[in-house]
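Student: Protein chains in written order, with my numbering: chain H, 91 to 401; chain L, 14 to 319.
List of simulated lysine to any residue pairs, SDA-like, C-alpha gap at most 25 Å: (1) L:Lys158 - H:Ala305; (2) L:Lys203 - L:Pro163; (3) L:Lys164 - H:Trp293; (4) L:Lys248 - H:Ile281; (5) L:Lys158 - H:Arg297; (6) L:Lys164 - H:Val300.
Residues on chain H that point at chain L, a partial pick, calculated with CB under 7 Å: (7) Asp208; (8) Ala280; (9) Gly287; (10) Gln399.
Calculated directly from the structure, the hints in this document are not laboratory data. A virtual CB, placed ideally from N, CA and C, is assigned to each residue, including glycine.
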Amino acid sequence: MASTPRAQARTGAESVRRAIEGGRTDWWSVTFQGFLVLLLLLTLGVLAWLLTVVFVNGVPVLAERGFDFLTSPLASRAEAAGVGQAIVGSLYLMFFVVILSFPLGIGAAVYLEEYAHDSWSTRLINTGVRNLAGVPSIVYGLLGLAIFVVALADFTGGRSLTSGGLTMAILVLPIVIITSAEALRAVPEAIREAAFGVGATRWEVVRSHVLPYAAPGIFTGTILSMARAFGETAPLILVGAVIGGFNVEYDSVVGTLQGRYTALPTVVYDWARKPASFGPNVYAAIVVLIVVLLLVNALAIYLRNRFEQRW
Amino acid sequence: MAVRTRVNAPAEGKRDDRGGPTIRVMATNTLDESEQIAPAAMDQPGDLDFAEDEVVFDLQSLSCFYGSFRAVREISLRVPRNKITALIGPSGCGKSTLLRSFNRMNDLIDSAHIEGSILYHGVDLYADGVDAVEVRRRIGMVFQKPNPFPKSIYDNVAFGPRVAGYKGKMEELVERSLKRAAIWDEVKDKLKEPGTALSGGQQQRLCIARAIAVEPDVILMDEPCSALDPIATLKIEELMRELKENFTIVIVTHNMQQAARASDYTAFLTMGEDRAGYLVEMAPTQKLFTSPENRLTEDYITGRFG
Numbered sequence: 091m092a093s094t095p096r097a098q099a100r101t102g103a104e105s106v107r108r109a110i111e112g113g114r115t116d117w118w119s120v121t122f123q124g125f126l127v128l129l130l131l132l133t134l135g136v137l138a139w140l141l142t143v144v145f146v147n148g149v150p151v152l153a154e155r156g157f158d159f160l161t162s163p164l165a166s167r168a169e170a171a172g173v174g175q176a177i178v179g180s181l182y183l184m185f186f187v188v189i190l191s192f193p194l195g196i197g198a199a200v201y202l203e204e205y206a207h208d209s210w211s212t213r214l215i216n217t218g219v220r221n222l223a224g225v226p227s228i229v230y231g232l233l234g235l236a237i238f239v240v241a242l243a244d245f246t247g248g249r250s251l252t253s254g255g256l257t258m259a260i261l262v263l264p265i266v267i268i269t270s271a272e273a274l275r276a277v278p279e280a281i282r283e284a285a286f287g288v289g290a291t292r293w294e295v296v297r298s299h300v301l302p303y304a305a306p307g308i309f310t311g312t313i314l315s316m317a318r319a320f321g322e323t324a325p326l327i328l329v330g331a332v333i334g335g336f337n338v339e340y341d342s343v344v345g346t347l348q349g350r351y352t353a354l355p356t357v358v359y360d361w362a363r364k365p366a367s368f369g370p371n372v373y374a375a376i377v378v379l380i381v382v383l384l385l386v387n388a389l390a391i392y393l394r395n396r397f398e399q400r401w
Numbered sequence: 014m015a016v017r018t019r020v021n022a023p024a025e026g027k028r029d030d031r032g033g034p035t036i037r038v039m040a041t042n043t044l045d046e047s048e049q050i051a052p053a054a055m056d057q058p059g060d061l062d063f064a065e066d067e068v069v070f071d072l073q074s075l076s077c078f079y080g081s082f083r084a085v086r087e088i089s090l091r092v093p094r095n096k097i098t099a100l101i102g103p104s105g106c107g108k109s110t111l112l113r114s115f116n117r118m119n120d121l122i123d124s125a126h127i128e129g130s131i132l133y134h135g136v137d138l139y140a141d142g143v144d145a146v147e148v149r150r151r152i153g154m155v156f157q158k159p160n161p162f163p164k165s166i167y168d169n170v171a172f173g174p175r176v177a178g179y180k181g182k183m184e185e186l187v188e189r190s191l192k193r194a195a196i197w198d199e200v201k202d203k204l205k206e207p208g209t210a211l212s213g214g215q216q217q218r219l220c221i222a223r224a225i226a227v228e229p230d231v232i233l234m235d236e237p238c239s240a241l242d243p244i245a246t247l248k249i250e251e252l253m254r255e256l257k258e259n260f261t262i263v264i265v266t267h268n269m270q271q272a273a274r275a276s277d278y279t280a281f282l283t284m285g286e287d288r289a290g291y292l293v294e295m296a297p298t299q300k301l302f303t304s305p306e307n308r309l310t311e312d313y314i315t316g317r318f319g
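So that you can see chain H by itself, here it is in the shape it has in the complex:
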């Protein structure tokens, strides 16, 4: 008699064991997971293929010519042509982006996030900025052509470095505003309230708290927008980045700013249309471009991880 409950318990445990040790395979999960892995491999595969082709063809040129390739000017002979002017031109363009669109963009973001009242005009501006960030870069090229190259030719020198730099600065401005605004928005309202609560003015709140805490995010976003400008080709072709070749006349500041220039992606575009002897050069220039972009992105990631503020 006494064993009856225990026997029941044992059969109970038995049935539980049988139920949970069923061992059925969920074929839908397996299939779906396999499908996802396939998609991932496909994507990575294309990328890996691309990089392999570029590096296999480009690295020999770099290995053979080394520093010479990085410093030589454009030339009509493939063996003599280098990306020296292109690197200098791209760095100049970055310089324009940094000194123009960073202060303007960050300033605009601070105004929109911290000062502007929530009104229909503010919302209109916000929507406008978002849409501007999605405008194709060739449109900015046309804008640059109309304004900087033609209308302001006396000041910029026409199809000059200044025109290219200003166009690039305008191109990334909306991106800088959006990423900076997002970084500012990520600072919790509680921090602003805490600072206001001890009698800080809006300026003190922004200067001592909001901006410092948002800085890592702002820097990350702006550096990435710089990388974007570094890789742009289309607008530069419209506003006069030189293809073919030119003599450097960087004799004065004004001469440089109003002078001719070129940029790395433009050179890649140009060489790609040239005779087959330029083939290896194209790959080598792409390698240089990719390495620079990777370095810039790595810097952005490093800064983000180093200074990121967790709330």
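Following the hints, put chain L in place on chain H, whose structure we already have.
Tutor: Coordinates of chain L only, in the frame set by chain H:
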């Protein structure tokens, strides 16, 4: 639903409106009823008989709006000096909104505005020419969630005095403020460490230290213990009792026991049909919790709604 109908019932209405005898359950029997203050000045809710110079805040038919939505409806009450005044009431009844109108913190919300007036030592806080920054320097605030700056403990406390242009010795002021907030012993060896590395209860005391470092007149506390464990909560309440020697404290709390334990006066707010909070009753805390005038108050403190 029952809450709604009772909220709209006249204050002195019959208590058997639900068709049966109502059992009265008192929240606490430990309070000495002989200490009750005679309800002489209780004809209007909140109109307690304070001497003029004892009154820090005098709210005159104050309504708070967010856009067209009225969050707080026509509240008149007085807050006495060097006392702890608790604002209690169900969620969404506008307690925090009311509290944040005391130091013009709601100015930071674009759609927020008020009607009526808040006199602070006789001065209308919302009059033209009143500087909200100066108001907040005098009327400090401690928030629901501890919100130390992600800076060092020292800088957390020193920020307020710095922007106020404090000329004295900052180290001494920081130490004094941390001592008054009863956290000095725990942080004196790590003033350079970030305030965010402290525990929740310590963070909240750091925020109190930050608030008192600018020598305010009033400290507003918006559910300061709601994110804390019971031990940290008791520490803060103990601290409040010490601080009221020098400061006037207004505290919003969800926790009725906390109001009963820690405050001198309690104002009970609830929500009307239009979702606007209004003042039901304000009284000395012991009186409000032992013999409330209003049936809504009684229902709330006995746990029948809210």
